[in-house]
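Listed in order, the protein sequences are those of chains A, B, C and D. Residue numbers 77 to 453, in my numbering, belong to the letters of the first sequence in order. Residue numbers 77 to 453, in my numbering, belong to the letters of the second sequence in order. Residue numbers 77 to 453, in my numbering, belong to the letters of the third sequence in order. Residue numbers 77 to 453, in my numbering, belong to the letters of the fourth sequence in order.
None of the hints are false.
Copies of one chain are not kept apart here, so a pair can be met inside one copy or by any two copies together.
Dumping the calculated DMTMM-like pairs for lysine to aspartate or glutamate here, alpha-carbon to alpha-carbon at most 25 Å:
no. : residue 1 : residue 2
1   : K126      : E109
2   : K420      : E109
3   : K143      : D123
4   : K355      : D430
5   : K79       : D123
6   : K115      : D149
Since the hints were made in silico from the structure, they are not lab data.
Number of protein chains: 4
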Amino acid sequence: MAKSLNIGMIGYGFMGRAHSNGYRRVSNFFDLEYQPVLKAACARNEDAIKKFAATWGYESTETDWRKLVERKDIDAIDVCVPNNLHKEICLAAAANNKMILCEKPLAMNVAEGEEMCQAVEKAGVANTVWYNYRRIPAVTFAKQLIDQGKLGRIFHYRANFLQDWTISAELPQGGNGLWRLDAAAAGSGVTGDLLAHCIDTAIWLIGGVQNVSAMTETFIKERTHTETGKVQKVTIDDACSFLCRFNNGALGLFESTRYARGHKALYTLEVNGEHASLKWDLHDLHRLQWFDHRDEGNMRGWRSIHVTDSDHPYMNHWWVPGLQIGYEHSFVHQVADFCESLAKGTPCGPTFRDALETQKVCDAVLDSAKSGQWINV
Amino acid sequence: MAKSLNIGMIGYGFMGRAHSNGYRRVSNFFDLEYQPVLKAACARNEDAIKKFAATWGYESTETDWRKLVERKDIDAIDVCVPNNLHKEICLAAAANNKMILCEKPLAMNVAEGEEMCQAVEKAGVANTVWYNYRRIPAVTFAKQLIDQGKLGRIFHYRANFLQDWTISAELPQGGNGLWRLDAAAAGSGVTGDLLAHCIDTAIWLIGGVQNVSAMTETFIKERTHTETGKVQKVTIDDACSFLCRFNNGALGLFESTRYARGHKALYTLEVNGEHASLKWDLHDLHRLQWFDHRDEGNMRGWRSIHVTDSDHPYMNHWWVPGLQIGYEHSFVHQVADFCESLAKGTPCGPTFRDALETQKVCDAVLDSAKSGQWINV
Amino acid sequence: MAKSLNIGMIGYGFMGRAHSNGYRRVSNFFDLEYQPVLKAACARNEDAIKKFAATWGYESTETDWRKLVERKDIDAIDVCVPNNLHKEICLAAAANNKMILCEKPLAMNVAEGEEMCQAVEKAGVANTVWYNYRRIPAVTFAKQLIDQGKLGRIFHYRANFLQDWTISAELPQGGNGLWRLDAAAAGSGVTGDLLAHCIDTAIWLIGGVQNVSAMTETFIKERTHTETGKVQKVTIDDACSFLCRFNNGALGLFESTRYARGHKALYTLEVNGEHASLKWDLHDLHRLQWFDHRDEGNMRGWRSIHVTDSDHPYMNHWWVPGLQIGYEHSFVHQVADFCESLAKGTPCGPTFRDALETQKVCDAVLDSAKSGQWINV
Amino acid sequence: MAKSLNIGMIGYGFMGRAHSNGYRRVSNFFDLEYQPVLKAACARNEDAIKKFAATWGYESTETDWRKLVERKDIDAIDVCVPNNLHKEICLAAAANNKMILCEKPLAMNVAEGEEMCQAVEKAGVANTVWYNYRRIPAVTFAKQLIDQGKLGRIFHYRANFLQDWTISAELPQGGNGLWRLDAAAAGSGVTGDLLAHCIDTAIWLIGGVQNVSAMTETFIKERTHTETGKVQKVTIDDACSFLCRFNNGALGLFESTRYARGHKALYTLEVNGEHASLKWDLHDLHRLQWFDHRDEGNMRGWRSIHVTDSDHPYMNHWWVPGLQIGYEHSFVHQVADFCESLAKGTPCGPTFRDALETQKVCDAVLDSAKSGQWINV
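Taking the hints into account, I'd like the entire structure generated from these sequences.
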């Protein structure tokens, strides 16, 4: 008989939907000891949260997150609100002995993140951060190949996260859905929103970053703010690139922007090793590109692996070879892994502590962009 | 307040899961007047169907489909069993005034199919056949472009459905999951299983087929039968290709096989028109390839359209641009369209009658392969 | 010291240039016993042929091919004129003991071709037909892989040759450059022009064709003829598709058209074998796609082999890995192989006799399209 | 009647062949006032240069370049020797009033380059540097599109040049063909060899670079030197990446390495503008990827333009649409443009002065990598 994992969800935006879908679907595809139950959804806007709860089947609603984190019938709090609210909610949740599943990035900065780590560690509660791309099967497969040593010594790592949705100067900043353009709510622009994903994956795949040299730009300097109705200075970074050295001696190159026409959400990564290289991109997320120097000399070539077989990560839970799954499944996988970790009593990465490493790189990147110096992480 | 649509599912295999997922998810993403309710699941194997019902949340189970189709609390019967059982169940379901959602192909042959059409039409019950590929957003988008006249006069249509899972001579025929290799259960091999999909889409996109010249082959002549344990003659077609002429004057070329190494489930289609061409394939199902001769002369090229924007078919119900959905979503879309048709009182294509057209082409193809003659459909 | 191979070229169109380039360049890149010398160029239009000779460095010109084939200082005749002139010229050249390099297709039909074969065989002169695609390095490499048995038993062969340059009804037929639209000069339309290439490669790669079922179409029924100035019936096939069975039991599917928008000269081929499959297309002619089932299970994928390494066919004569050569190089390779065969005293395929096999398939295809019957080759 | 342009070639390696091929072929495909004549080839190794001259049809040979630059019958000197010899030869050639076509990079550093610029400018001789990639038709086409304003304001430029041929620690440094691994002969490693190409194209396409932050690495610290036979410190950069800001406000990201498994010579570039983006890569050099935001909303996609039509740059000189040319043709184009500039009395870019701009960026990159600071160009 499965045990319940009662979820209290805070927020109802894009990520609120993605996580809810993860909770609802997991038991149809994974045979788990713990089964998530959508116990309560919370947001200040009562009408909105009631509608959201009805759509997703949450049993109840709250309009004050403080009440939610105190409810006895809640086991885990899911934090799907703008970044500037993460710390306060997490500290309160930890104080109430709730497990926490927090949206990325962990915090506004390293100082906040450190406080949050200490809180969950002190409380001894299970915690994880939704860096969901680790659990795209092709990316998880890349991790397996690297861990098996198939690449040998790593020379290069490069990643991009390119978008084009903010090019129009008419787009306002702030408010619903557009808080990502407001540094007060988001902490930073593409650095925390997009590069954080790239950094999390990189650290997971090949280890920590030693130092960085970065450059940022804000192409559109002023935009109307939806809350004040006034034209205000844009405080986020529209684009950010950085060079880095990894602890293992590999060189890294990262870039993110929301000004690259033609790229909707193109997260790409490539790793070059002594024996083999691999590549992946989010626009065709079900494929892993693989080049192996050990193949017969004149028959070497980049292989396009369609990661849909039952011996690929997570794929034995879905359909048959050749039939692709999508973006949302990465959240189902994270829920499945969280439930499994719970049963085993092990951490479910990335934990808050893991995510703090990514936060450190982000902070170093922003420092470097400001100072024009190489910064140690 | 949404109205319930009580589903009675017969079968629990690959398609049983895919349809169940469609019913369960639709209301999280589509705002519909009718909401499917998983009322009962039915199969002869009691343990298996109970486990299936528990996983998917069916309220009850049956082991005799005749009981199921008579239950008053069931609105619609979903037929997910081998092809040789379609007719009998559908006739009984229609006789009990149940709506029917039947797996493809409609029937073992045209004669059966005609009987089934008459049954549902006489009963006046809503009916549809699960030719799900129509509802992959990129394919639906192709339909819109053709209907808008963007291609002009159509010259060519070509489609392949290539797989490689039966190449090993060790693979047995018959029984659970392998009934597709047994003509007694399946009616035919790749013709009814794979080409039927290609034909359904083709007719939907550019209209009916006039005549065909076909060729079939069974590469492995004998296989062990899982039910008898004996080596028996293989009765299905392992591969089938055919030429055809469409009613609109276009030329068609179709091929299907389970002996094409490297192709897991590669359904591809291409349409060449006077002004433009389009291509699609199932291994990257979220993309539509588009070539437009009306583009500026030296800037013409095949466009790879990432069909993930909110103004692409169905996509406003899912995530944000650039984030792809998968195979299973085509079933969610078919459920959504079925519910919507119900609300409007219109048919939900492909109806049994639509699917009978595909059956006619399949029968003509098999006749042509046998006789070596061109056969009129 | 290299021996001279004195060339007498008849014609100065597209192929006249391509062959001339082959003769001029070969000695810069290949170390050969025989070196082609551009001795004479011939055409009825004196101004045109003098200009052509000046551009390419031919030592002399003729306006009557009968004179050319009788010249003592000519070793080999290159036939680059419309198909309806091939036979007469080749018979005369053979009678004068000239070697012959003849443009494809060999002849207007099998009867002509048989006569030509007998003429060169009786004369005992070296002969070859310019089915140049055999000598694209990626295609030659495919041949090596098949001959090494890496594919095992062959199940399927498919090839397309798709173009779109005759869609406009305004395009005239006949005359300079457009004789390919006139059956009196060309023999047939896409069948002899494009499918002949596909058939030659197929026979070379996997062996002969047993029987065919074909379909042709002429989409634009009438066009102005450039010579008469009148609107006349179009006598060629605009499109042709056929099914076939190979002698080795493999199934074949071929299609060619000049009505496929977006395809300039897209010759594609794919071979599916028991262990592996390969694909190639002319629009990216320096790549061979390769799938090997013997690769480690979950790491299988189509490899895109960039055929530019020194251990790829012909490539040790060119640049460094990664730097692609083009279409014209296939003619250089054929000249090199012809010279080498000459030194060794072996035939240089495809000989007239080899090319007659392709002619037989073309004739069977046209017969089948007319009769609606399967035709044995 | 064409005028002769008498070439004196110094060197006979990879570039010696590529340039010679350019000179020999240009008149077959371009109708020019000046026609190159292969007058003399020069190298210290007499046997080698005689063999080279015989292969390519040079009329004479020299073993001392000082003699060559003084010969009255030579119009232009082509410098195809290691970088450390460029300056001395160019100064002498200019002093003798010879035109100069110099291999890239221009010089060992900016100081040398400045001296060379002054020499040719003082002598008033035509001069050009073989940054050949500008004349790949797809790249030239990109230039036209940018110059027409089709991209609007430029936000991002990124380029990579990735190779993998020096990964083995067994590979020696120095000597024939391997002087590129010896800083004494090459000046630098990938920076001058590969990044210089990327920088030249970038400046040509979108203008000058303002400042840079760079990082270099030498992965294999010691290699046997072919001249001394001893294991010596490797003095070149194996890899180099840099961030930059262009004068027009765009952000740049460049990377080059010889340690990226799977990439033979993968030069890629991408430009993101307000209205459109474009991409190109050397492994499929006949294609330009184009994305235009002004296309109809839901039909936007990256177009793969097959740059082989007669209205594409240079392509009216070659074959027919769909038939690709290769790497070597870029040199033919540069010869054609040089001859045409000569006839018109205009400079043929990149001139020495143009190439000095690239040299300045290279020097700044190396300085930045050493100092860890942002460096103004």
